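Asker: Start from the sequences and build out the full structure, keeping to the hints where you can.
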Amino acid sequence: MNQHVTAETGDPVAVEPAASQDVVRLVDLKRRFGATAALDGVSLTVKKGEILGIIGRSGAGKSTLIRCLNGLERPDSGEVFIEGREISRLSEHELQPLRRRIGMVFQHFNLLSAKTVEDNVALPLKIEGRTRAERMARAAELLQLVGLSEKAKAYPASLSGGQKQRVGIARALAARPALLLSDEATSALDPETTRSILALLKDINSRLGLTILLITHEMEVIRSIADRVAVIDAGRIVEEGAVWQVFADPKSEITRSLLGGIRPQLPPEIASQLVAGEGTETILRIDVAGEAARRPLLSELSAGVPGAFRLVHGGIDHVQQQPVGTLFVAVPGADARHLAAVIAFLKDRGARVEVLGHVAGPV
Amino acid sequence: MSPVLFELLLRSIWETVLMTGASGLISLVFGLPLGLALVATDRGGIAESLWVNRILGAVINGFRSVPFIILLVALIPVTRLIVGTSIGTWAAIVPLSIAATPYYARIAEVSLREVDLGLIEAARAMGGNRWTIIREVLVPEALPGIVAGFTVTLVTLVGASAMAGAIGAGGLGDLAIRYGYQRFETSVMVAVVVVLIVLVCGIQWIGDRLVARLDHRG
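Protein chains in written order, with my numbering: chain A, 388 to 750; chain B, 116 to 333.
Hints are supplied without guarantee of correctness; some may be wrong.
25 angstroms max Cα-Cα, derived SDA-like pairs, lysine to any residue [stated by the list, open to error]:
id : chain 1 : residue 1 : chain 2 : residue 2
1  : A       : Lys538    : B       : Arg228
2  : A       : Lys502    : A       : Gly465
3  : A       : Lys502    : B       : Ala155
4  : A       : Lys502    : B       : Arg228
5  : A       : Lys502    : B       : Val225
6  : A       : Lys734    : A       : Val746
7  : A       : Lys538    : B       : Ile235
8  : A       : Lys502    : B       : Arg293
9  : A       : Lys502    : B       : Leu143
10 : A       : Lys513    : B       : Leu258
11 : A       : Lys502    : B       : Pro148
12 : A       : Lys589    : A       : Gln408
13 : A       : Lys538    : B       : Gly333
14 : A       : Lys417    : B       : Gly159
15 : A       : Lys417    : B       : Arg158
16 : A       : Lys513    : B       : Gly233
17 : A       : Lys540    : B       : Arg158
18 : A       : Lys540    : B       : Arg328
19 : A       : Lys540    : B       : Pro255
20 : A       : Lys502    : B       : Leu329
21 : A       : Lys435    : B       : Gly242
22 : A       : Lys538    : B       : Ala327
23 : A       : Lys538    : B       : Pro259
24 : A       : Lys513    : B       : Leu329
25 : A       : Lys638    : A       : Gly428
26 : A       : Lys502    : B       : Leu171
27 : A       : Lys417    : B       : Gly233
What the hints contain is simulated information worked out from the structure, not anything from laboratory work. Fair warning: this is a prediction, and the values are worked out from it, not measured in the lab.
Answerer: Have a look at this one:
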């Protein structure tokens, strides 16, 4: 609010440089549908040039959230700033020129079947009132960018899902938007096509410096292209941060559950044998990230705390060029002091350690 | 068939084509916007206005529930006001158009309703206004259905125009009743039926071809 007012007074000293970099700023957004709160006080910022991923289960409120950003949905209360301008109370007519600053890509592509690929791509420019020559030149340029130049005269029905989404992306970029919204853009695509579409979005982000806000229910999408992630559940942002940090140290149950598919988990046959009390082996979960994951942790452990241990499961992954790892280690014996020494040694070196339980024999 | 009867047949064909064509065109010009208005003013439409929607719906239903032969007679004062006479081919075009317009409006409405709401949302997200949505999304996307529906309307009008003989409009139906039936000219009756079959098949064939060319939904 502050910087918005000061920006209007034109006082150059009072304008915070950081604030002018925010393409999107949401303040305490609320929206109810009947008895359910789709958005229950969401505050978020998206900085210029970054890719923010919003992840949540279906029904968590992410579709409502993304639609508030271009006024397709109106919040009951709260504020939506796009490039510093509050838009949630603008009329439909006032929103129209503003929406041209925001491209949108849809899960089901939403291409017009009666128009050729190039006419689909050029439609935002037709809405802007550009001449046909300008429109066709820009469409050709964009189709080249997404690698579909040879399909310019084809109709969408003859394209594959991945090609349709490329056209959708080209169309969203046609009017040179300041922000690209991606509404589950890869959810209807197979894994291989998903990877190529995500690579294209990432490429557009780095080449054009375009700010992207995407919503998804797949952690893999977040991991591949997002810089920051916000986890939404029941209309609230429950966790937010740099992707690798959230992957390394998820704070909320919902984040852990969403990460379940792509982070190492204790194999179920071992998990089912865990007991709380005594056993011949203790199973530890060791989480490492950043610096802690770059050091030779296991050799240091065997040198520093004499005694055998066994690697049961796990691995080191790389997220945003940062190592993020989870190791499951079995420490033999019932010696509580030895176990405490191992845990202390690991914690000393920046690892997070959790005693999962004990097993009766080697597993 | 005598040359006189043959000439009569040719004239009747022309009268039928004229009545069908003119009233078809008028029903397209008024029915399509009416169909658009029905879709646009409905709940969740691009110009939602439920009371307008209900009034439009009621008027359309009212006209559609009156049998054509009754409409033909009931509209005589209106016809006289518009055409200047209540008898003849041009006079028949008024009730035919008034009957076909709400009929076609409903058919167009069905096609327009089938347009994926995601496409309308995409056009709104691009900054399009209502007119953009109508011109770039609703009409082009529904066009195959709009044309197919127009074909159905034309064929229905061929049948309805036969009844217009009741107000002296001429046409093939009138010819069949007066010569084929009342004067036992079986050859006239057969000729009329054959011409009607050819006419209807021709309209349907052209309509189908056009739809096939317009439909890119794959």
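Asker: Work down the list of hints and note, for each, if the structure agrees.
Answerer: Quick rundown of the hints versus the structure:
Proximity of lysine 538/A to arginine 228/B is assessed by CA-CA distance (about 29 angstroms); at most 25 angstroms being required, the pair is judged violated. Proximity of lysine 502/A to glycine 465/A is assessed by CA-CA distance (about 39 angstroms); at most 25 angstroms being required, the pair is judged violated. Taking the CA atoms of lysine 502/A and alanine 155/B, the gap is about 22 angstroms. The hint holds against a cut of 25 angstroms. Between lysine 502/A and arginine 228/B the alpha-carbon distance is near 19 angstroms, which keeps this suggested pair within the 25 angstroms criterion.
Restraint check for lysine 502/A and valine 225/B: the C-alpha separation of about 21 angstroms stays at or below 25 angstroms, so the hint holds. Restraint check: the Cα-Cα separation between lysine 734/A and valine 746/A comes to about 23 angstroms, which is no more than 25 angstroms; the hinted pair holds. A hinted pair counts as satisfied when its Cα atoms are at most 25 angstroms apart, and lysine 538/A with isoleucine 235/B qualifies at roughly 24 angstroms. For the given pair, lysine 502/A sits about 51 angstroms from arginine 293/B by alpha-carbon distance, which is inconsistent with the 25 angstroms threshold.
Distance hint between lysine 502/A and leucine 143/B is fulfilled; the C-alpha atoms sit about 23 angstroms from each other, no more than 25 angstroms. The suggested pairing of lysine 513/A with leucine 258/B holds, with an alpha-carbon distance near 20 angstroms, which does not exceed 25 angstroms. Distance hint between lysine 502/A and proline 148/B is fulfilled; the C-alpha atoms sit about 22 angstroms from each other, no more than 25 angstroms. For a cut-off of 25 angstroms, the pair hint linking lysine 589/A to glutamine 408/A stands: about 20 angstroms separates their Cα positions.
Between lysine 538/A and glycine 333/B, the direct Cα distance comes to roughly 15 angstroms. Compliance with the 25 angstroms bound is thereby established for this hinted pair. This hinted pair checks out: lysine 417/A and glycine 159/B have alpha carbons roughly 22 angstroms apart, not beyond 25 angstroms. A threshold of 25 angstroms between alpha carbons decides the hint, and for lysine 417/A with arginine 158/B the separation of about 24 angstroms falls inside it, so the pair holds. The straight-line distance between the Cα atoms of lysine 513/A and glycine 233/B is roughly 19 angstroms, inside the 25 angstroms bound, and the hint therefore holds.
Restraint check for lysine 540/A and arginine 158/B: the C-alpha separation of about 36 angstroms exceeds 25 angstroms, so the hint is violated. In summary, the hint linking lysine 540/A to arginine 328/B is supported, as the alpha carbons are separated by about 15 angstroms, within the 25 angstroms threshold. For the suggested pair lysine 540/A and proline 255/B, the alpha carbons sit about 17 angstroms apart, so the restraint of at most 25 angstroms is met. Simply put, lysine 502/A and leucine 329/B have alpha-carbon atoms about 10 angstroms apart, close enough for the 25 angstroms limit, and the pair holds.
Distance restraint check for lysine 435/A and glycine 242/B: the Cα-Cα separation of roughly 22 angstroms lies within the 25 angstroms cut-off, and the hinted pair is therefore satisfied. A distance of roughly 21 angstroms separates the Cα atoms of lysine 538/A and alanine 327/B; the hinted pair therefore holds under the 25 angstroms criterion. As the CA atoms of lysine 538/A and proline 259/B are separated by approximately 23 angstroms, the hinted pair is consistent with the 25 angstroms bound. Between lysine 513/A and leucine 329/B, the direct Cα distance comes to roughly 21 angstroms. Compliance with the 25 angstroms bound is thereby established for this hinted pair.
For the hint linking lysine 638/A to glycine 428/A, the alpha-carbon distance of about 19 angstroms falls within 25 angstroms, and the restraint holds. For the hint linking lysine 502/A to leucine 171/B, the alpha-carbon distance of about 31 angstroms lies beyond 25 angstroms, and the restraint is violated. The straight-line distance between the Cα atoms of lysine 417/A and glycine 233/B is roughly 24 angstroms, inside the 25 angstroms bound, and the hint therefore holds.
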